[in-house]
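Listed below are the residues making up each chain.
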Amino acid sequence: TQLLEQSPQFLSIQEGENLTVYCNSSSVFSSLQWYRQEPGEGPVLLVTVVTGGEVKKLKRLTFQFGDARKDSSLHITAAQPGDTGLYLCAGRYGNKLVFGAGTILRVKS
Amino acid sequence: KAGVTQTPRYLIKTRGQQVTLSCSPISGHRSVSWYQQTPGQGLQFLFEYFSETQRNKGNFPGRFSGRQFSNSRSEMNVSTLELGDSALYLCASSLEPGSAGANVLTFGAGSRLTVL
Numbered sequence: 012t013q014l015l016e017q018s019p020q021f022l023s024i025q026e027g028e029n030l031t032v033y034c035n036s037s038s039v040f041s042s043l044q045w046y047r048q049e050p051g052e053g054p055v056l057l058v059t060v061v062t063g064g065e066v067k068k069l070k071r072l073t074f075q076f077g078d079a080r081k082d083s084s085l086h087i088t089a090a091q092p093g094d095t096g097l098y099l100c101a102g103r104y105g106n107k108l109v110f111g112a113g114t115i116l117r118v119k120s
Numbered sequence: 098k099a100g101v102t103q104t105p106r107y108l109i110k111t112r113g114q115q116v117t118l119s120c121s122p123i124s125g126h127r128s129v130s131w132y133q134q135t136p137g138q139g140l141q142f143l144f145e146y147f148s149e150t151q152r153n154k155g156n157f158p159g160r161f162s163g164r165q166f167s168n169s170r171s172e173m174n175v176s177t178l179e180l181g182d183s184a185l186y187l188c189a190s191s192l193e194p195g196s197a198g199a200n201v202l203t204f205g206a207g208s209r210l211t212v213l
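As given, the protein sequences belong to chains A and B, one line each in that order.
Under my numbering, the first sequence has 99 at position 88, and the numbering climbs by one with no breaks.
Under my numbering, the second sequence has 109 at position 12, and the numbering climbs by one with no breaks.
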């Protein structure tokens with residue numbers, strides 16, 4: 012059982028569409044991170060959210076941390092083929108950083 | 098500055114063999130973590146090293162071991178390989194625990210191990 016559940020597992024959309032990826036848990040995290048991983052590469056950190064209710068924007072990406080610090084979402088506006096990749100959420104649980112299983116996003120042109 | 102370097106990038110082994118993977122962290126990073134990534138399980142934490150000492154360990158059998166050298170480079174070893182050990186092994190480096198940058202992990206490209 013994953014401590015962090017991500018949904019959907021796979022998403023295939025057309026260029027220009029909007030999408031939201033979710034990361035949920037029954038546990039409270041002191042912070043949550045989002046990473047993107049492209050084929051043949053390691054994950055790259057996109058953002059860290061630390062305060063319940065916090066919203067951060069990174070160009071067309073909007074990240075939100077739930078008020079209770081148990082969940083997070085990533086919203087992409089007007090997706091582009093360059094957004095294709097594996098999106099991972101990660102939370103600090105005790106002394107360890109635990110990851111969700113990821114959402115594979117494919118944006119078709 | 099150079100990123101996290103992992104070697105080898107690809108390797109093929111047979112059941113029962115052992116393998117050693119290497120990770121060179123970003124200059125100035127003294128903490129190194131290892132993860133196993135598989136399609137079914139995602140990223141699973143293996144262990145974390147700082148100052149040549151193992152700080153944390155995940156739920157993996159004793160066949161999985163690691164170490165860190167005085168220059169912060171790290172190696173992990175898997176003995177008596179099993180088919181299920183086939184995975185991408187990722188190394189990440191960060192600043193020392195407790196620092197502002199401790200939560201900022203920089204990953205290498207990984208070592209893809211195939212066990213036949």
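Source of the hints: derived by calculation from the structure; they are not laboratory data.
Every residue gets a Cβ at the ideal spot worked out from N, C-alpha and C, and that includes glycine.
Among these hints, one or two may not hold up.
Derived Cβ-Cβ restraints for the label pairs, each shown as a range [what the hints assert, rightly or not]:
no. : chain 1 : residue 1 : chain 2 : residue 2 : range
1   : A       : A89       : B       : R170      : 35 to 45 Å
2   : B       : S176      : A       : L14       : 38 to 48 Å
3   : B       : G137      : A       : Y104      : 14 to 24 Å
Here's how the hints hold up against the structure:
1. Roughly 43 Å separates the CB atoms of A89(A) and R170(B), a value that falls within the hinted 35 to 45 Å.
2. Range check, S176(B) to L14(A): about 28 Å between beta-carbon atoms, so the 38 to 48 Å window is missed.
3. The hinted range of 14 to 24 Å is satisfied by G137(B) and Y104(A), whose Cβ atoms lie roughly 20 Å apart.
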